[in-house]
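Student: Order-wise, the sequence lines are chains A and B. Quick note on the working numbering: the first sequence kicks off at 500 and runs consecutively. Quick note on the working numbering: the second sequence kicks off at 500 and runs consecutively.
Calculated directly from the structure, the hints in this document are not laboratory data. Keep in mind that the hints are not guaranteed to be accurate.
Just so you know, same-sequence chains aren't split out, so a pair can sit in one copy or run between any two.
[To be verified] Below, computed lysine to any residue pairings styled on SDA-like, alpha-carbon distance capped at 25 Å: (1) K550 x D849; (2) K550 x S790; (3) K550 x G850; (4) K620 x N838; (5) K550 x E792; (6) K550 x G829; (7) K514 x W503; (8) K550 x T851.
Residues per chain are reported as follows:
Number of protein chains: 2
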Amino acid sequence: MADWQIIAGGVTAAKGYQAAGMTAGLKPSGAPDLTLIVSDVPAIAAGVFTKSCVRAACVDFNREVLAKGGQVKAILCNAGQANASTGAEGWQNAVECAALVQQALNTEDGVLVASTGVIGKQLLMDKMRSGIAKIATILAPDAGEDAARSIMTTDTVPKSIALETAIDGQTVRVGGICKGSGMIHPNMATMLGFITCDAGVEPQLWQQMLSSSIDASFNQVTVDGDTSTNDMVLALCNGQSGLLISDRNSAAAQKLQAMLQEVCMSLAKAIARDGEGATCMIEVNVSGASSVEGARQIAKTIVGSSLVKSAVFGNDPNWGRIAAAAGRSGVDFDQNVLNIQLGDFVMMQDGTPQEYDRQAASDYLKTDTVIINVGVGNGNGCGTAWGCDLSYDYVKINAEYTT
Amino acid sequence: MADWQIIAGGVTAAKGYQAAGMTAGLKPSGAPDLTLIVSDVPAIAAGVFTKSCVRAACVDFNREVLAKGGQVKAILCNAGQANASTGAEGWQNAVECAALVQQALNTEDGVLVASTGVIGKQLLMDKMRSGIAKIATILAPDAGEDAARSIMTTDTVPKSIALETAIDGQTVRVGGICKGSGMIHPNMATMLGFITCDAGVEPQLWQQMLSSSIDASFNQVTVDGDTSTNDMVLALCNGQSGLLISDRNSAAAQKLQAMLQEVCMSLAKAIARDGEGATCMIEVNVSGASSVEGARQIAKTIVGSSLVKSAVFGNDPNWGRIAAAAGRSGVDFDQNVLNIQLGDFVMMQDGTPQEYDRQAASDYLKTDTVIINVGVGNGNGCGTAWGCDLSYDYVKINAEYTT
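Model the full assembly from the supplied sequences, consistent with the hints where possible.
Tutor: Following this line, the structure appears as structure tokens:
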């Protein structure tokens, strides 16, 4: 089924989308900080949001837009201020930003807004007002990479992907960009993802496709419940490819779902690899659990363990920390059937430590992708999670972020 | 009610206890690594253990001893090897160690065992055998500080406390020692606590007193469920003071409970302060929650947040991270009533950011005890949690622990 190919263009690869990224002056650094993504025709929108009860104004605002069920014309994103913990003034600012985009694009269709940056700071509205007026005039159908850059905060590289395939004789594309750094608990800082697709999908089905894709991807670089004030993934589909999908059991729906999930996984892995201060990506595969959810939770607990992450950074094949993290994940299993493998090195088999070449295993941890495979029984539940090691630079970055 | 006084002696302060600490050769460093605590007469024992399903042999062994309901003569503790993830051989070794202590002390009463160190390594049984034979000959009634030292691993200071008061005309003492370092998620590495008391308490009541005390203390330097393979607190009471308690509603029981809890809190705070690489202790007080459990959970989530901890280390009064951590704690509250205070600096009031002296607040974070007060509503639930900041040295310690 995976007969798609990677294409250029990121969030503007799909038909009928334009974007722009620019410096509006929201960040002290002068780096690009304002992003606009626009669909030529009103699009179906889906979203997945932080579960935190301390939420940015943009989160509540977007929920309201989506709840109204109308169509969406554009996504506006600013970096610099998170517009979270900003009270009534923050809410008014979010409302005004969306209205300014509507005005600039001369549309009454919905506009979604996203913010990332320092919590507790009001948006610099003067800069936002002039920025929005300007950015609407520089939209371009090949500006996906600009958009990927202008949503960055502590990211060291832009994160962008687009895939193309044929479905029912139509060429269909899904593209996306994201920002976020895989931290100790990855989504304690803001993770934003914006996805565009040129298929036309019935609204409820599009939301289901997005939610399911995120469970297997973005949520697996996060520890359950550890969401930030601003986390969100927004996805638009505008039907410009000519393909329309309404039956969730159709082959077309399944193929689009798979491609959407691949886009989400690619972006999620890019976040893990670009973790703050990270020197490598860690992938944890858990098999043999009694459920997919259980396997995912064990995998997330291992990849989120500061002790495991520190050991990988130190090139220390200290597999006991992997066993300990699995054990405290909250998912019950029999420790006498536990298997742990680090790359090709079998470290524990059926709950018993195995002999292995310690130096070679330490050398393996110097690679830029570390694979940890864990078996917890004979169940059918499998799950994967991604993270990164914990380095001195993580502390440096986070000790000095606002001052 | 808190009319106790601090006395010297630690785990041997209570009447009828002896202890010893020595170097048995289990640690490569040559530091003391074997500890024995003995009650002159068989004692009532209670224990609280890790909830992890990957458990050290000593955890399962002690559970069996306590389940049998017999009386306990001694606690043996080794550092160097955790005897966790060690399969059937590890279990046999735990059984043998306890039997060797019984033999050395010429008793058939129960012996509890505890281990801390590297996971997945078998106990060095030759060293254990000669060590146990030796340590039983050097027991002393004033060796509490030796015992506090010989249970240490990455701890930088021994942790010991003893309190004395009069109850019903009798002089009663509770003493204790512990080891553990408050890490990013504090009890991902082993936390051990050993408590002795010379009151006589009915077994079920003694267990309840211990469990309740731990909920307010040791469990508040930990993130829920984040227990290691070896965590345990063991408590003995031997009746040698002459005070006997069987009615849980008596004033005597309540006074002893309060003193036991104070011992546990003192030890728990010592763990937080001695966090790996820590430069200060952080205390988070949450009030206004709808339940004590909810308040405790919010407090734990804040104090366990790597972003909060990094900010404190960087002397950065980034209170937005405190709001974000509270929000994702899993305990629901209205963000529009959120209050956040850092020391004397009010940073958020009723969900709205407040003006404060940024430089003075930054200076406050340079003190060795940082107090964060958070209000989440009008409920009666209050809770406190303790932790430490996250420094470069945390990463260094944990990247290099076994290699």
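Student: Indicate, hint by hint, whether the structure satisfies it.
Tutor: For each hint, the structure was consulted:
{"no.": "1", "hint": "K550 x D849", "verdict": "between (38 Å within a copy, 21 Å between copies)"}
{"no.": "2", "hint": "K550 x S790", "verdict": "both (23 Å within a copy, 21 Å between copies)"}
{"no.": "3", "hint": "K550 x G850", "verdict": "between (36 Å within a copy, 18 Å between copies)"}
{"no.": "4", "hint": "K620 x N838", "verdict": "between (48 Å within a copy, 16 Å between copies)"}
{"no.": "5", "hint": "K550 x E792", "verdict": "both (18 Å within a copy, 20 Å between copies)"}
{"no.": "6", "hint": "K550 x G829", "verdict": "both (20 Å within a copy, 9 Å between copies)"}
{"no.": "7", "hint": "K514 x W503", "verdict": "within (16 Å within a copy, 76 Å between copies)"}
{"no.": "8", "hint": "K550 x T851", "verdict": "between (39 Å within a copy, 20 Å between copies)"}
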